[in-house]
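Chemist: Residue numbers (our numbering), protein chains in the order written: chain A, 1 to 223; chain B, 1 to 223; chain C, 1 to 219; chain D, 1 to 219.
Everything labelled a hint here was simulated from the structure, so no lab data went into it. Everything numeric in this text was worked out from a predicted model, so none of it was measured. Fair warning: there could be bad hints in the mix.
Chain D regions said to be covered by chain A (calculated; three or more residues, Cβ under 8 Å) [claimed, not checked]:
1) 85-94
2) 107-118
Think about it this way: if two alpha-carbon atoms lie no more than 25 Å apart in a straight line, the pair counts; the simulated DSS-like pairs of lysine-lysine are [claimed, not checked]:
3) Lys141/D <-> Lys145/A
4) Lys72/D <-> Lys16/D
5) Lys161/B <-> Lys215/B
6) Lys16/C <-> Lys89/C
7) Lys133/C <-> Lys141/D
8) Lys141/C <-> Lys3/D
9) Lys160/D <-> Lys3/D
10) Lys217/D <-> Lys16/D
11) Lys3/D <-> Lys217/D
12) Lys3/C <-> Lys145/A
13) Lys89/D <-> Lys72/D
14) Lys145/A <-> Lys185/C
15) Lys66/C <-> Lys16/C
16) Lys217/D <-> Lys185/D
17) Lys145/B <-> Lys161/B
18) Lys141/C <-> Lys145/B
19) Lys16/D <-> Lys145/B
20) Lys3/D <-> Lys16/D
21) Lys91/C <-> Lys66/C
22) Lys185/C <-> Lys141/D
23) Lys16/C <-> Lys145/A
24) Lys145/B <-> Lys3/D
25) Lys133/C <-> Lys133/D
26) Lys3/D <-> Lys72/D
27) Lys185/C <-> Lys72/C
28) Lys141/C <-> Lys133/D
29) Lys145/B <-> Lys185/D
We put the beta carbon where it would ideally sit given N, CA and C, even for glycine.
One letter stands for each residue in the lines below.
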Amino acid sequence: MSTQTSTKPLGRDDLARLVARDIAPGSFVNLGIGQPTLVSNYLTEEQNITLHTENGMLGMGPEAKGEEIDGDLINAGKIPVTELPGASYFHHADSFAIMRGGHLDICVLGAFQVSATGDLANWHTGAPDAIPAVGGAMDLATGAKDVFVMMTLLTRDGVSKLVDTCSYPLTGVGCVTRVYTDKAVFLIAPDGVSVRETFGCTFEELQELVPVPLKAAGAVVGL
Amino acid sequence: MSTQTSTKPLGRDDLARLVARDIAPGSFVNLGIGQPTLVSNYLTEEQNITLHTENGMLGMGPEAKGEEIDGDLINAGKIPVTELPGASYFHHADSFAIMRGGHLDICVLGAFQVSATGDLANWHTGAPDAIPAVGGAMDLATGAKDVFVMMTLLTRDGVSKLVDTCSYPLTGVGCVTRVYTDKAVFLIAPDGVSVRETFGCTFEELQELVPVPLKAAGAVVGL
Amino acid sequence: MLKFIDTVGEAVAGIKDGSTVMIGGFGNAGQPFELIDALLDSGATDLTVVNNNAGQGDQGLALLIKEGRVRKMICSFPRQSDSWHFDAKYKAGEIELELVPQGNLAERIRAAGAGIGGFFTPTGYGTMLAEGKHTRLLDGKWQVFETPIHADVALIKALKADGKGNLVYRKTARNFGPIMAAAAKHTIVQVSEIVPTGALDPENVVTPGIYVNSIVKVA
Amino acid sequence: MLKFIDTVGEAVAGIKDGSTVMIGGFGNAGQPFELIDALLDSGATDLTVVNNNAGQGDQGLALLIKEGRVRKMICSFPRQSDSWHFDAKYKAGEIELELVPQGNLAERIRAAGAGIGGFFTPTGYGTMLAEGKHTRLLDGKWQVFETPIHADVALIKALKADGKGNLVYRKTARNFGPIMAAAAKHTIVQVSEIVPTGALDPENVVTPGIYVNSIVKVA
Numbered sequence: 001m002s003t004q005t006s007t008k009p010l011g012r013d014d015l016a017r018l019v020a021r022d023i024a025p026g027s028f029v030n031l032g033i034g035q036p037t038l039v040s041n042y043l044t045e046e047q048n049i050t051l052h053t054e055n056g057m058l059g060m061g062p063e064a065k066g067e068e069i070d071g072d073l074i075n076a077g078k079i080p081v082t083e084l085p086g087a088s089y090f091h092h093a094d095s096f097a098i099m100r101g102g103h104l105d106i107c108v109l110g111a112f113q114v115s116a117t118g119d120l121a122n123w124h125t126g127a128p129d130a131i132p133a134v135g136g137a138m139d140l141a142t143g144a145k146d147v148f149v150m151m152t153l154l155t156r157d158g159v160s161k162l163v164d165t166c167s168y169p170l171t172g173v174g175c176v177t178r179v180y181t182d183k184a185v186f187l188i189a190p191d192g193v194s195v196r197e198t199f200g201c202t203f204e205e206l207q208e209l210v211p212v213p214l215k216a217a218g219a220v221v222g223l
Numbered sequence: 001m002s003t004q005t006s007t008k009p010l011g012r013d014d015l016a017r018l019v020a021r022d023i024a025p026g027s028f029v030n031l032g033i034g035q036p037t038l039v040s041n042y043l044t045e046e047q048n049i050t051l052h053t054e055n056g057m058l059g060m061g062p063e064a065k066g067e068e069i070d071g072d073l074i075n076a077g078k079i080p081v082t083e084l085p086g087a088s089y090f091h092h093a094d095s096f097a098i099m100r101g102g103h104l105d106i107c108v109l110g111a112f113q114v115s116a117t118g119d120l121a122n123w124h125t126g127a128p129d130a131i132p133a134v135g136g137a138m139d140l141a142t143g144a145k146d147v148f149v150m151m152t153l154l155t156r157d158g159v160s161k162l163v164d165t166c167s168y169p170l171t172g173v174g175c176v177t178r179v180y181t182d183k184a185v186f187l188i189a190p191d192g193v194s195v196r197e198t199f200g201c202t203f204e205e206l207q208e209l210v211p212v213p214l215k216a217a218g219a220v221v222g223l
Numbered sequence: 001m002l003k004f005i006d007t008v009g010e011a012v013a014g015i016k017d018g019s020t021v022m023i024g025g026f027g028n029a030g031q032p033f034e035l036i037d038a039l040l041d042s043g044a045t046d047l048t049v050v051n052n053n054a055g056q057g058d059q060g061l062a063l064l065i066k067e068g069r070v071r072k073m074i075c076s077f078p079r080q081s082d083s084w085h086f087d088a089k090y091k092a093g094e095i096e097l098e099l100v101p102q103g104n105l106a107e108r109i110r111a112a113g114a115g116i117g118g119f120f121t122p123t124g125y126g127t128m129l130a131e132g133k134h135t136r137l138l139d140g141k142w143q144v145f146e147t148p149i150h151a152d153v154a155l156i157k158a159l160k161a162d163g164k165g166n167l168v169y170r171k172t173a174r175n176f177g178p179i180m181a182a183a184a185k186h187t188i189v190q191v192s193e194i195v196p197t198g199a200l201d202p203e204n205v206v207t208p209g210i211y212v213n214s215i216v217k218v219a
Numbered sequence: 001m002l003k004f005i006d007t008v009g010e011a012v013a014g015i016k017d018g019s020t021v022m023i024g025g026f027g028n029a030g031q032p033f034e035l036i037d038a039l040l041d042s043g044a045t046d047l048t049v050v051n052n053n054a055g056q057g058d059q060g061l062a063l064l065i066k067e068g069r070v071r072k073m074i075c076s077f078p079r080q081s082d083s084w085h086f087d088a089k090y091k092a093g094e095i096e097l098e099l100v101p102q103g104n105l106a107e108r109i110r111a112a113g114a115g116i117g118g119f120f121t122p123t124g125y126g127t128m129l130a131e132g133k134h135t136r137l138l139d140g141k142w143q144v145f146e147t148p149i150h151a152d153v154a155l156i157k158a159l160k161a162d163g164k165g166n167l168v169y170r171k172t173a174r175n176f177g178p179i180m181a182a183a184a185k186h187t188i189v190q191v192s193e194i195v196p197t198g199a200l201d202p203e204n205v206v207t208p209g210i211y212v213n214s215i216v217k218v219a
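From just these sequences and the hints, can you work out the full model?
Modeler: Shown next, in the form of structure tokens:
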């Protein structure tokens, strides 16, 4: 059975489109800073997705442009955004209660590393002189029903970021359920890591790149 | 020094008037069910007191009459009340956070017994066949900055309700700071119980009635 | 996924025997009578019910208790002048009671919704309602360890809902609604009015739609 | 007792050296710049500051840090593209940092205001930010014990206040304001508008006046 659904590795926008397509209609979603933010560009009106931003809002709209920009209306990345009909505002403890209480269906995060058991490392390089900053990453990782990671599979040095055990400091333990990369989509479950689809490589070529035993889940489209 | 400020024991309304007079201007106050509710009749507009009701409101007004009655606007005793300008509504956890977080200046409660160290018993007779019901009594007793008790000094059988150690089940430990009774006002402090004033009896006559060593605090009027 | 449902009967149809059901209201204010009546009609039984009280008079929760559908009550104030149905069941040993100080009840429900595994509070320390519980000296006060109260279903009453399930309430009928909506796996709301999405000011939404599963308009 | 104060200088005059000061805002949204400037002018120093960040650019909290008034920051996200004043002080070993996951920061502040002595949360379990902390298996998850963050003073920004000190906010500038107002012994609020008592709908008040001590209108 072939896992390959694309002849080339996916670019950032194609990957964002794929994640967006995989989000079930009616979901409540938090998109992390950076690459995950791209996902919002590909959500359709029919999907009726409600975006949460941890600084106190549900129903966040697209980035604000020109006269829409309002310093009192920003997202977690401190970018000016807009408000959709049916939005609501709340204070920080109520906002994090939404995340920590398990009410978000999905959060999409970037990562330095993801382990075979779903451990996430995305907040700290571990460099001794780095100024640490964690923000809401640990709350999102621990609280959402599903944690999707978006990242390139390999570092610039060609080393797999899907690893047996994270060497970077952890953000959360066993929290990641799915990993979207330029070369493959990985599903993480108690019985191991399976590959839903590959892009520009075969399952066997992918296994060569990744130091974690993989299973083929078959080319399932959608959730 | 005489502690006696009235030739007769105080009636319920006179006692309520005295408590009302002792509440500092601008205070936030919760009045318990029963006798403490009478205090609200004697608060003056100049005092600018804000009343809290634990079922979710600050700025509670007097009991509702006639057409004012609204089933959605009740106090903790489930009596229809009114709303004053500047009122606010909040949910139950936020309402009890006000009490439990130490934000109320004073709560006024009834009691079965108060101990010499300020233990309060006001929720349960301890009778084995009684159906227990505690409501917000323990939260009020523990949370308010000052807990005032209003009660008759003696039971119908003539036994003091100010006791060395409560025999009834406790509501809170060491929480009562002041006890208003028909015969005297008692101040409870770490160094013991002192008598601020007596009504219709001398300090010595009062001490005969009460199994707790008393000190005369002198006839201080007001707080 | 949020559903707008035509009848209270359909709204409560999925509630299984043995469920833990939170019911909003403080006394009669905010009590979702129509949903409770539908729950009674549904025949669901062996329920654990979380409410501040244990029913008043001959309606709502009181009837659910009278009909023997409630195995256990978790509440702060069961004994009232008109709680005769609860009183009778309790004295007959036919209903279990977990008595919780009202602030602990509210905070434990809030904890369930907010993902808090437990907390320490001074409330109840040194009383019989803290017997057997873990205690600890924190912030200079002895405090009692309390755990969250989760529920399968919440039945609550709000004033208005919009198309996204955002809710606003009315006066002291708000009481337990917002925290129960967050603490239950499935939240069913009866409202007086459904307004178009966008008609509620986002600054004034009390319960965001994320906490709401089913909405039914009640006349 | 609530006071309406004419100038930001008078409003912050009572803040003592060594105080713990909560400052509202997430990035620049909701940051009470005028109160912070007044605090800088007041000369108060050796402060512990609680804020989500550690200052942006060359204004507000960033200046307080630049001028060496902040002994310790308690925050979730100090490192930003424009956090150069914090970065410099941190690298020079001239400022202490307590790094707290943002949800723990919010919940610990909320706990202080609500009288909670401590709580368990899954956030941070198994990470270096939970090292040395008490952990416990609750609700099937390993959880970390976290304690409240109290403050002497809170400086926050709201949109409007009425004569009773009730506050409403604007959009995501609400953020930490309501929980900081409740967690501090003394809460100082800058508002854009003071409205007559009765002008705010009691259903829509976000911070009840009980949490507010001083209000100053800022142009």
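Chemist: Please work out if Lys185/C and Lys72/C have their alpha carbons no farther apart than 25 Å.
Modeler: holds, 19 Å
Chemist: Going straight from one Cα to the other, do Lys16/C and Lys89/C come out at no more than 25 Å?
Modeler: holds, 22 Å
Chemist: CA of Lys160/D to CA of Lys3/D, is that 25 Å or under?
Modeler: OK: Lys160/D and Lys3/D at ~15 Å, within 25 Å.
Chemist: With the threshold set at 25 Å, check whether the alpha-carbon distance from Lys91/C to Lys66/C stays at or below it.
Modeler: holds, 13 Å
Chemist: Is the straight-line distance between the alpha-carbon of Lys16/D and that of Lys145/B 25 Å or less?
Modeler: Within the cut-off at roughly 24 Å; holds.
Chemist: Is the Cα-Cα distance between Lys145/B and Lys3/D 25 Å or less?
Modeler: holds, 20 Å
Chemist: What's the verdict on Lys133/C and Lys133/D, does the C-alpha distance respect the 25 Å limit or exceed it?
Modeler: holds, 22 Å
Chemist: For the pair supplied as a hint, Lys145/A and Lys185/C, confirm whether the alpha-carbon distance does not exceed 25 Å.
Modeler: holds, 13 Å
Chemist: Given the hinted pair Lys89/D and Lys72/D, is their alpha-carbon gap at most 25 Å?
Modeler: holds, 11 Å
Chemist: Starting from Lys3/D, check that the Cα of Lys72/D is at most 25 Å away, please.
Modeler: Violated, because 29 Å separates the two Cα atoms, which is more than 25 Å.
Chemist: Is the Cα-Cα distance between Lys141/C and Lys133/D 25 Å or less?
Modeler: holds, 20 Å
Chemist: Lys16/C and Lys145/A were given as a pair; does the straight-line alpha-carbon distance stay at or below 25 Å?
Modeler: Measuring from Cα to Cα gives roughly 24 Å; hence the hint holds.
Checked against the numbered hints listed earlier, the structure breaks hints 8 and 26; every other hint is satisfied.
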